[in-house]
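Asker: Chains as they are written, first to last, in full-length UniProt numbering: chain A, 1 to 472; chain B, 1 to 337.
A hint or two may mislead.
[To be verified] With a straight-line cut-off of 30 Å between C-alpha atoms, the simulated DSS-like cross-links for lysine-lysine are: (1) K60/A x K127/A; (2) K49/A x K60/A; (3) K127/A x K49/A; (4) K329/B x K127/A; (5) K329/B x K60/A; (6) K49/A x K351/A.
[Stated by the list, open to error] Covered, in the sense of this in silico footprint (three residues per stretch, anywhere, with C-beta under 8 Å from a C-beta of chain A), are these stretches of chain B: (7) 59-70; (8) 85-91; (9) 98-110.
[Unchecked claim] Ranges between beta-carbon positions, derived for each pair: (10) E43/B x G213/A: 35 to 45 Å; (11) V166/A x G277/B: 23 to 33 Å; (12) F281/B x E305/A: 57 to 67 Å; (13) F18/A x F281/B: 34 to 44 Å; (14) E176/A x D10/B: 23 to 33 Å; (15) P319/A x L263/B: 51 to 61 Å; (16) D10/B x V365/A: 55 to 65 Å; (17) H6/B x P313/A: 39 to 49 Å; (18) Y223/B x I170/A: 36 to 46 Å.
Bear in mind the hints are in silico, worked out from the structure with no lab data behind them.
We put the beta carbon where it would ideally sit given N, CA and C, even for glycine.
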Amino acid sequence: MSIFDIPTLDLARAQFAFVVAAHIVFPAFSIGTASYLMVLEALRMITGKQVYQRIFEFWKHIFAVVFGMGVVSGVVMSYEFGLNFAHFSDKAGPVIGPLMGYEVMTAFFLEAGFLGIMLFGRNRVNKWIYMFAVTMVAVGTLISAFWILSVNSWMQTPQGFKINDVGQFIPTSWLEVIFNPSLPYRFVHMVLAAYLTTALVVAGVGAWHHIRGNADDAVRTMFRMAIGMILVTAPIQIFAGDQHGLNTLEHQPAKIAAMEGHWETSKGAGLILFGIPNPSKERTDYKIEVPYASSLILTHSLDGEVPGLGDFPPNERPPMTIVFFTFRIMVGLGFAFAAIGLWGGWLMWRKRLHEPGLFHKVALVFAPGGFLAIIMGWFTTEFGRQPYTIYGHFTTAESVSSLTAGQAWAALIGFVVVYAFLFGSGTFYLLRLMRRGPEGAEPVENTPQRAGGVAGAMLANDVTTEKEGAHA
Amino acid sequence: MTGFVHYLPDIWAAIIAFAILTYVVLDGFDLGIGILFPFLGSEENRTRAMNSVAPVWDGNETWLVMGGGGLLAVFPLAYGIILNALYIPIVIMLLALAFRGVAFEFRGKTRRWQRLWDRAFFGGSLVATLAQGAILGGLLRGPEVTDRTFTGGPFDWVSFFSLGTALALVAGYVMLGAAWLVIKTSHGLYDLARRIGERALIATLGFIGLASLATPFLHPEYYHRWFQWPGVIWSAVVPLLLLVAGFGYWTAIRSDRGVVAYLSGIAIFVLCFAGLGLSIFPYIVPASITIREASTPAMSQGFILVGAAIFLPIILAYTAYAYWVFRGKTSEHEHHY
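The task is simple: from the sequences and hints, build the whole structure.
Answerer: In structure tokens, the structure reads:
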């Protein structure tokens, strides 16, 4: 089969998967960074310490670049459903449309509206309004995640609807639709992932400046905060992931079978640590297995029943190979993050956290690990629900738009090329900002626009803020 | 109560029309500034022009998401068909908006590549505007629909008419952008914006005239709307009102009354929008699917109407506040953090 024989369905899916995967890293980073900025600004107001503002200004620059990329890829997302999955839009629109409408009205506008004040307004509003703006941006990112995950969870574990005479999904209970069975797990898992990802990036940047020998007060403070955050969130995330798995076993057994690599339903199933799924023979080759562990993890009993993919008709099976490997990469990374947290915590306890060493190199290597884990997690859950868009009710094949192969190819190539260029450039600028560090030791390239330099502007801002604060 | 439920689709059509119109007049001026970018003379002027929109462009573009999201929420059939039919110009618009959107952040991060992001900002703004105009033109011609599915070809939207609407939108956005610059700047850039505004106004009115003459001949239905009683009243009144709004813009842009010029520009867009509404109502996909046929049940429309009634006023309030915080003329050094 040549690449020109790929069905438009697969091209539409590839485009959707690519656009979503590219988008998700930005909101994930924005959720974490926005909350971090809110905490920093609050600490600054409470303690009055300059160090928090230095860290705030540093991460604010980074947040602005990430948020900008999140907005442009997010605008694309709001049209992707209709572009590639017109029939899905028609049929599922009555249920998912209002949820996405609520996302726009309660979150997207909130973030965009207060972002301007947060980025440019410190010396134009008093400190309370500024704090309020920073808080609204952070809250907006969380509300946004709630609605988007509600939509996604409903598609995975649909309830609270009936189907009308033209085949549309019609809501019968909004409470059941919004608070569908997998939402709590998915929401907690995603928000923790966002916080963990951001903490890893902050820790990585801090580690780099430790290695380079310019770990001043600001770098040390943010590094400690990040390691503390990893120490707390990584173990909670492992627990949350386990709980999410139990929920998936209950509602999407075929997905669990693919994740675990089991072909036959069995009691006392072993946990396959590694193996190579062989779909044509319906078995998993080269297995390294821990006896009874799969049953123990999934059913909390040694002889609990665990589903196998072979028990599902071939046209209802998700692609095991992808789900099996992406799941393992995600879980492996999760345990690595927990280990980093413990290691860092131990160093902190021994008061050796700020002595450059192997730990800092490891922290630097794992700085982008959260993004990889998130993408792997989404691949697991999204490939794992195939062949359905609305689990058990509506297939991906039924969902697709009427597209010509030429259109589908052109759009796919267009998105890949444009995103690679734009987000590649963005990553370059982000790395350069991170390299400069909170001190902003090197001046920004186009100094005329920032005449006072970062430190100068900060001092000036402080004076005005306090003055205006006094007026208010 | 049943009466209210009966009018839900019309209420929602009005809300979505409002969102799209708000998008056009808000993102319109910042797209217009992007289109003007290479013609602003100096580097300093470009920076100043960009700084004047940097704090608000995000919010402006969100209305586009509201338009698309609203359509999916209450008229999903129309959303699917329109996006399927206008796939190519919509993908082009989205990619172009991505280019210009990142330029706001990237431009200030580099000196070596600044020219590149200047071009991305200009090219992205221009292409996005042309694509939006082509979408409008393609939609007005009426996509081919059979049994809830788009059955036309991928290039059905290409025509001289859509070229006309595309150019008209470019002229209109430049007109709004010039008025914004008159509000926000001083000295050389301000004088330049006034001269550009005058020309953009003439071009806009010219294109609107051409498009208005062509529209009634796209479909017999449109023809009847405009030239039979009572549509003929509008056919007589709308051009008159357009001239009044045009005169308002002209006199305001020649003096230091940018706000009046901008409001007159909005009036021109509102009138054209009303004309469009009059042409296609009660259809949402012209000539094939009506607002009622595309509507979701009251259960869906009522649920989100509660949210719209609560949140749209709040959104408008804090959006207005954000504009208020950044009021006044913008200097070159401001709005960099």
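Asker: Hints numbered earlier in the text: which of these fail when held up against the supplied structure?
Answerer: none
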